[in-house]
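Participant: Residue numbers (this note's numbering), protein chains in the order written: chain U, 264 to 479; chain H, 264 to 479; chain B, 264 to 479.
By construction, these hints were calculated from the structure, which means they are not laboratory data.
Careful: at least some of the hints might be erroneous.
As the list makes no split between identical chains, a pair holds if one copy fits it or if it spans any two.
Simulated crosslink set (SDA-like; lysine to any residue; CA at most 20 Å straight-line) [as the list claims (entries may be wrong)]:
#1 K301 with I418
#2 K302 with R420
#3 K302 with T476
#4 K302 with N416
#5 K302 with P475
#6 K302 with R356
#7 K302 with L362
#8 K365 with R420
#9 K301 with P475
#10 K302 with H425
#11 K302 with L322
#12 K365 with G471
#13 K301 with L474
#14 K302 with D424
#15 K302 with I418
#16 K301 with Q426
#17 K302 with N423
#18 K301 with N416
#19 K301 with R358
#20 K365 with E336
#21 K301 with R473
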Amino acid sequence: MTSNPSIAEWLVTYGNLAFEIVGTLAFALSGLIEAARKKLDLVGMAIVTALAAFGGGTLRDILLDRRPFFWVENAVWIWVILALCALALVFLRSRHIELTEKSMQWPDAFGLGIFAASGTQIALIAGVEPIIAVIMGVITPVFGGVLRDVVVNEIPRAFNDHQPYAVIAFAGGWLVVLLNALNLGAFWAVSISALAMVALRIAAIVLGWRLPTWRV
Amino acid sequence: MTSNPSIAEWLVTYGNLAFEIVGTLAFALSGLIEAARKKLDLVGMAIVTALAAFGGGTLRDILLDRRPFFWVENAVWIWVILALCALALVFLRSRHIELTEKSMQWPDAFGLGIFAASGTQIALIAGVEPIIAVIMGVITPVFGGVLRDVVVNEIPRAFNDHQPYAVIAFAGGWLVVLLNALNLGAFWAVSISALAMVALRIAAIVLGWRLPTWRV
Amino acid sequence: MTSNPSIAEWLVTYGNLAFEIVGTLAFALSGLIEAARKKLDLVGMAIVTALAAFGGGTLRDILLDRRPFFWVENAVWIWVILALCALALVFLRSRHIELTEKSMQWPDAFGLGIFAASGTQIALIAGVEPIIAVIMGVITPVFGGVLRDVVVNEIPRAFNDHQPYAVIAFAGGWLVVLLNALNLGAFWAVSISALAMVALRIAAIVLGWRLPTWRV
Numbered sequence: 264m265t266s267n268p269s270i271a272e273w274l275v276t277y278g279n280l281a282f283e284i285v286g287t288l289a290f291a292l293s294g295l296i297e298a299a300r301k302k303l304d305l306v307g308m309a310i311v312t313a314l315a316a317f318g319g320g321t322l323r324d325i326l327l328d329r330r331p332f333f334w335v336e337n338a339v340w341i342w343v344i345l346a347l348c349a350l351a352l353v354f355l356r357s358r359h360i361e362l363t364e365k366s367m368q369w370p371d372a373f374g375l376g377i378f379a380a381s382g383t384q385i386a387l388i389a390g391v392e393p394i395i396a397v398i399m400g401v402i403t404p405v406f407g408g409v410l411r412d413v414v415v416n417e418i419p420r421a422f423n424d425h426q427p428y429a430v431i432a433f434a435g436g437w438l439v440v441l442l443n444a445l446n447l448g449a450f451w452a453v454s455i456s457a458l459a460m461v462a463l464r465i466a467a468i469v470l471g472w473r474l475p476t477w478r479v
Numbered sequence: 264m265t266s267n268p269s270i271a272e273w274l275v276t277y278g279n280l281a282f283e284i285v286g287t288l289a290f291a292l293s294g295l296i297e298a299a300r301k302k303l304d305l306v307g308m309a310i311v312t313a314l315a316a317f318g319g320g321t322l323r324d325i326l327l328d329r330r331p332f333f334w335v336e337n338a339v340w341i342w343v344i345l346a347l348c349a350l351a352l353v354f355l356r357s358r359h360i361e362l363t364e365k366s367m368q369w370p371d372a373f374g375l376g377i378f379a380a381s382g383t384q385i386a387l388i389a390g391v392e393p394i395i396a397v398i399m400g401v402i403t404p405v406f407g408g409v410l411r412d413v414v415v416n417e418i419p420r421a422f423n424d425h426q427p428y429a430v431i432a433f434a435g436g437w438l439v440v441l442l443n444a445l446n447l448g449a450f451w452a453v454s455i456s457a458l459a460m461v462a463l464r465i466a467a468i469v470l471g472w473r474l475p476t477w478r479v
Numbered sequence: 264m265t266s267n268p269s270i271a272e273w274l275v276t277y278g279n280l281a282f283e284i285v286g287t288l289a290f291a292l293s294g295l296i297e298a299a300r301k302k303l304d305l306v307g308m309a310i311v312t313a314l315a316a317f318g319g320g321t322l323r324d325i326l327l328d329r330r331p332f333f334w335v336e337n338a339v340w341i342w343v344i345l346a347l348c349a350l351a352l353v354f355l356r357s358r359h360i361e362l363t364e365k366s367m368q369w370p371d372a373f374g375l376g377i378f379a380a381s382g383t384q385i386a387l388i389a390g391v392e393p394i395i396a397v398i399m400g401v402i403t404p405v406f407g408g409v410l411r412d413v414v415v416n417e418i419p420r421a422f423n424d425h426q427p428y429a430v431i432a433f434a435g436g437w438l439v440v441l442l443n444a445l446n447l448g449a450f451w452a453v454s455i456s457a458l459a460m461v462a463l464r465i466a467a468i469v470l471g472w473r474l475p476t477w478r479v
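Kindly produce the complete structure, drawing on both the sequences and the hints.
Facilitator: Structure below.
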């Protein structure tokens, strides 16, 4: 970014930040809901919520050997997670669970877009091949949910819900690669790809798109 | 430590080392017991026992990008784990399992204290913010058990046993931070905090303290 | 290797490479079969297949702090995994599953040999103690399967199938250490040990060797 950004850049910068906050909260809440369903205690809640929120990005950074992690650099998020758990302990009731989960798929779409796009871009900057960068872009939004489900003894939903989610991250990652190849710059490559993935994901939810099933 | 330590320092140094040995053995035995319950073979026993003993510290070191790991630097522990497994194969019977598990909670308290305190101190030295250091101090004694349970397909006990265990590590971590802020030096910060956590944990066991339950 | 290798060296080099390809394919197919059994979708198939193929080596490299990973350096393997999944989606039927699994144990033996031997050698070169190098040699071929089973909510087969598999990797690892001590050079240490392990594993399958059971 230049030191004197245009209004468009300013808007998109804050748009990206808003996506990040909304997406992280949606990921965290998916962990909280899972913890409530499994009747975990305060400790289990905090760990599963944190895994859902930060697990994907942390795994990507371990694979790319990048430090510090998002949650280490933005330690305020630890307090946000702990506050969410405390609030849930007081206010969350069974009847909220299904409702919360259903409404979470919308903000979750923003998390998918921004984390897949920025994950791919981060990996490209780290100097890996395009296909590896795209895989890192898939891992970022997907593996938080995978870890969340594995630790509470469920087959990850991402593995068998036939939702176009990781597939959108995969396609969107190639868009990031393409826009980088066109020399659009990291900022616009991420922003445009993130928006495209959010749009695709919302279309997938609204129109009920499904992955092909096999006939085993 | 000075090159001419006082008797107090000498005692505390060996006290810390004793805590470490007793704690690691207790963690290892919790893995062995879990393996016996699940009727794992020699390979499963060794892996689950090693995960329970070293998993938490190893995860902390991966997150902090520290090497070498405890078990790489002290490779004799690998032989201890293998010897424990061989002994268990010959001597352990069903009727020992519950008894061993019940008696293990006492030495386990020493593991909690020393690994939470030293985990927090190690993270502080690595230069992270206090809240992150405290989280690393919680991960060190807690995640061995989490990994032990996850690999044998159980929801981690730490997530739903309502025991004040991770919570004591969290509180004790802040004591480490405070004592560092008071310039007591790493040695005394760790030793005093470890002792305080052991005392708290034993009080929690004796007095039957429980975490609050939610009403989902 | 010298710049003017003998025919023997040339043969062994390509033998090692062939072992690696055959072994990786066998590991990948074990993931694919598991995904089919659990009726995972395309995303779950790809992730479980990739974990089975690369999980062990990746975990070893994270523990040794080595980069780049095998699949990052040889990114063509990502395409192979994706192609396998697409083919399975079209051609794999229930009646193929048991047959494929049974026939996979032969190529899998080559994977065991080459990955245990090269994993031990890589760790020795990284400068760790022999026992640690041997453990890394066990992790390399074993933990792909462990991760494959853990993410789909099964107790890892390696933990309770009483097969001499990890145990062969352990013994073969010590052979690598011995041949290094005899100054045979990494190339021959790996090649001879890999071959010995393949032979042992095939003997174990043919002769039906089993690990001792305990009497819990």
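Participant: Determine for every hint whether it applies to the structure shown.
Facilitator: Comparing the hints with the structure gives:
| no. | hint | result |
| --- | --- | --- |
| 1 | K301 with I418 | both (14 Å within a copy, 9 Å between copies) |
| 2 | K302 with R420 | both (19 Å within a copy, 12 Å between copies) |
| 3 | K302 with T476 | between (32 Å within a copy, 9 Å between copies) |
| 4 | K302 with N416 | both (13 Å within a copy, 17 Å between copies) |
| 5 | K302 with P475 | between (34 Å within a copy, 12 Å between copies) |
| 6 | K302 with R356 | within (11 Å within a copy, 33 Å between copies) |
| 7 | K302 with L362 | within (17 Å within a copy, 28 Å between copies) |
| 8 | K365 with R420 | within (14 Å within a copy, 29 Å between copies) |
| 9 | K301 with P475 | between (30 Å within a copy, 16 Å between copies) |
| 10 | K302 with H425 | between (27 Å within a copy, 11 Å between copies) |
| 11 | K302 with L322 | neither (26 Å within a copy, 26 Å between copies) |
| 12 | K365 with G471 | within (14 Å within a copy, 39 Å between copies) |
| 13 | K301 with L474 | between (28 Å within a copy, 16 Å between copies) |
| 14 | K302 with D424 | between (23 Å within a copy, 10 Å between copies) |
| 15 | K302 with I418 | both (18 Å within a copy, 11 Å between copies) |
| 16 | K301 with Q426 | between (23 Å within a copy, 17 Å between copies) |
| 17 | K302 with N423 | between (23 Å within a copy, 7 Å between copies) |
| 18 | K301 with N416 | both (10 Å within a copy, 15 Å between copies) |
| 19 | K301 with R358 | within (15 Å within a copy, 31 Å between copies) |
| 20 | K365 with E336 | neither (31 Å within a copy, 41 Å between copies) |
| 21 | K301 with R473 | between (27 Å within a copy, 18 Å between copies) |
Of the numbered hints listed earlier, those contradicted by the structure are 11, 20.
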